[in-house]
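Novice: Each chain, letter by letter, is given below.
2 protein chains.
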Amino acid sequence: MINCDQWPNSAHTFVSIRDKSDILFYETGINVAKSASKDSPQSIAREVARLILTGVWREGTTLPREIELASRFDVSRASIREALSLLKGKGLIASKQKAGTHVRARFDWNMLDEELLNWTLAALPTQEFAKQITEVRRIVEPEACAICAVRGTDEDFARIERAYRGMDAAGMDRVAYAEPDLQFHRGILIATGNDFLIAFGATVAAALRMSFNLSSTNPGAPRKSLPYHRAVLDEIWARNADGARQAMHKLMDLTEQNIVSAMSRQKK
Amino acid sequence: MINCDQWPNSAHTFVSIRDKSDILFYETGINVAKSASKDSPQSIAREVARLILTGVWREGTTLPREIELASRFDVSRASIREALSLLKGKGLIASKQKAGTHVRARFDWNMLDEELLNWTLAALPTQEFAKQITEVRRIVEPEACAICAVRGTDEDFARIERAYRGMDAAGMDRVAYAEPDLQFHRGILIATGNDFLIAFGATVAAALRMSFNLSSTNPGAPRKSLPYHRAVLDEIWARNADGARQAMHKLMDLTEQNIVSAMSRQKK
DNA sequence: CAAGAATTATTATGTCAGACATATTTCCTC
DNA sequence: GAGGAAATATGTCTGACATAATAATTCTTG
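Protein chains in written order, with the numbering used here: chain A, 1 to 268; chain B, 1 to 268.
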């Protein structure tokens with residue numbers, strides 16, 4: 001049995017929603033009830049993850065038996081097992097023979113996993129989620145940027161430059177802007193040559209997706225970040241670590257500002 | 001098909017070993033050849049992961065067919081599928097009907113996953129791995145420490161204090177020292193209340209395990225970090241963010257120093 | 001005749017069903 | 001309360017069929 005009481009539940013986590021107004025929107029809603037068409041193991045995994053993330057199945061909860069899940073989702077037990085395997089790989093659940101499958105302690109969940117981030121974003125796009133993901137970005141990206149400026153190759157820089165041009169070319173088109181924006185930030189992480197910072201790209205991707213969703217109330221916002229990206233790029237080209245760090249910091253400031261104002265708009 | 005050529009392989013990654021002397025040791029070696037006893041899906045997943053991490057199966061490589069893997073590991077296809085599901089959950093591989101299962105681009109691997117970190121540590125404890133994991137710790141932990149000092153509750157601090165006492169009580173016993181050491185660092189991350197920083201605990205755990213392994217050549221090294229931990233704790237209790245950041249920075253300096261010297265000793 | 005389009009065949013993963021093995025829990029007995 | 005037996009949920013195996021992407025073939029056409 002997982003030791004859940006060693007650490008108390010931290011009071012401020014986005015997983016437990018106290019106020020419904022915390023939730024910004026529910027787009028890409030996954031059908032809670034069984035859908036008519038048979039679900040694939042992936043979508044079953046996503047649905048089970050949603051139930052865990054939203055706190056319907058709390059930490060330590062024993063899930064329904066595999067056979068029951070199978071009949072509930074109208075698939076074979078093999079498909080259920082595949083779905084559960086995926087979630088085991090992300091640290092969400094663990095199984096023991098006879099004892100059943102239970103939800104692991106939240107501290108064991110790998111929140112930096114790409115899919116888990118996306119599922120969380122879809123299920124619980126709360127202010128807490130936004131605050132926390134912005135906080136880690138602030139910690140990691142400026143430093144990554146400084147490392148990039150020192151260690152990156154000219155090829156790396158050229159790739160980031162291409163991403164920047166893509167953003168510029170997108171103009172006011174929010175959709176076209178999003179992809180090169182991600183490539184820009186990812187390019188910096190990749191240029192560090194640090195596999196762990198590179199893996200952090202999944203978190204950045206989720207954060208940018210969130211920003212993109214929020215920008216629907218202010219379509220002009222993304223474009224305003226362009227000169228800040230340019231500043232970052234210039235410092236990188238100059239191989240100025242401190243300058244790159246500061247420039248990225250300013251970009252993070254702007255991003256946070258956009259998120260905060262978008263969320264206050266959404267609340268109204 | 002995964003687009004592998006959009007980003008070139010970064011030259012400096014621990015996954016591709018250029019020099020055998022880079023590898024420090026091979027403990028907890030997983031049997032490459034089929035073992036006499038039947039392997040569980042978990043151990044099969046670990047073995048497949050090892051083959052991928054060590055570059056035997058490179059990015060884009062198509063894995064042997066499931067039936068072939070089943071006969072090679074002497075288990076049923078169902079077990080193989082479960083093992084592969086786990087690896088899919090970590091972004092290592094992806095399958096497509098008829099086309100087969102292939103190794104995804106390294107940028108999609110979730111290196112911040114606990115198990116993946118452990119497998120990497122077991123399979124490729126290279127200098128690069130040590131350097132990179134230390135680099136992210138330097139970025140994340142001092143900032144987390146500063147946040148902890150500001151935002152943490154007295155309960156959080158008490159828990160960290162308990163961990164410290166555990167380290168103290170362990171004396172020169174390396175093994176007894178390791179667990180409270182991890183709890184100390186994890187306690188700081190948990191006190192931030194940031195679920196993403198908490199998830200970073202898996203990376204810290206892997207780093208500490210590596211340090212522990214390396215300390216076999218210098219059993220007195222861990223104990224020397226005790227006063228540095230005390231300094232961190234004092235700054236936290238004082239709710240001094242800057243002080244806490246700096247104290248953690250010094251602890252990181254010492255840790256890195258220990259790793260570097262241990263690795264140079266190992267090389268000889 | 002050759003190039004290309006459309007069709008068929010092949011094949012590896014995806015899904016299903018039923019059975020048995022195994023490890024815990026639970027309950028019963030002493 | 002301790003020890004043993006029954007119950008049960010996950011773990012594993014087998015064999016089969018479904019499905020989709022690829023490879024091979026045939027057919028059409030310039």
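Simulated from the structure, these hints should not be mistaken for lab results.
The structure displayed is predicted, hence computed values, not measured ones.
Ideal placement from N, C-alpha and C gives every residue a C-beta, glycine not left out.
Heads up, a few of these hints could be off.
[To be verified] Straight-line distance between alpha carbons at most 20 Å, and here's what the computed SDA-like set of lysine to any residue pairs gives: (1) B/Lys224 / B/Glu155; (2) B/Lys131 / A/Thr153; (3) A/Lys98 / A/Arg138; (4) B/Lys96 / A/Pro41; (5) B/Lys131 / B/Leu121; (6) B/Lys131 / A/Val150.
[Stated by the list, open to error] Covered stretches of chain A (in silico footprint by chain B; criterion: 3 or more residues with CB under 8 Å from a CB of chain B, positions within the stretch not fixed): (7) 74-83; (8) 101-113; (9) 134-148; (10) 197-208.
Novice: Taking the hints in turn, state whether each one holds.
Specialist: So, going through the hints one by one against the coordinates:
{"no.": "1", "hint": "B/Lys224 / B/Glu155", "result": "27 Å, violated"}
{"no.": "2", "hint": "B/Lys131 / A/Thr153", "result": "19 Å, holds"}
{"no.": "3", "hint": "A/Lys98 / A/Arg138", "result": "45 Å, violated"}
{"no.": "4", "hint": "B/Lys96 / A/Pro41", "result": "14 Å, holds"}
{"no.": "5", "hint": "B/Lys131 / B/Leu121", "result": "13 Å, holds"}
{"no.": "6", "hint": "B/Lys131 / A/Val150", "result": "16 Å, holds"}
{"no.": "7", "hint": "74-83", "result": "holds (count 3)"}
{"no.": "8", "hint": "101-113", "result": "holds (count 8)"}
{"no.": "9", "hint": "134-148", "result": "holds (count 7)"}
{"no.": "10", "hint": "197-208", "result": "holds (count 7)"}
Going down the numbered hints, you'll see the structure goes against 1 and 3, while the others check out.
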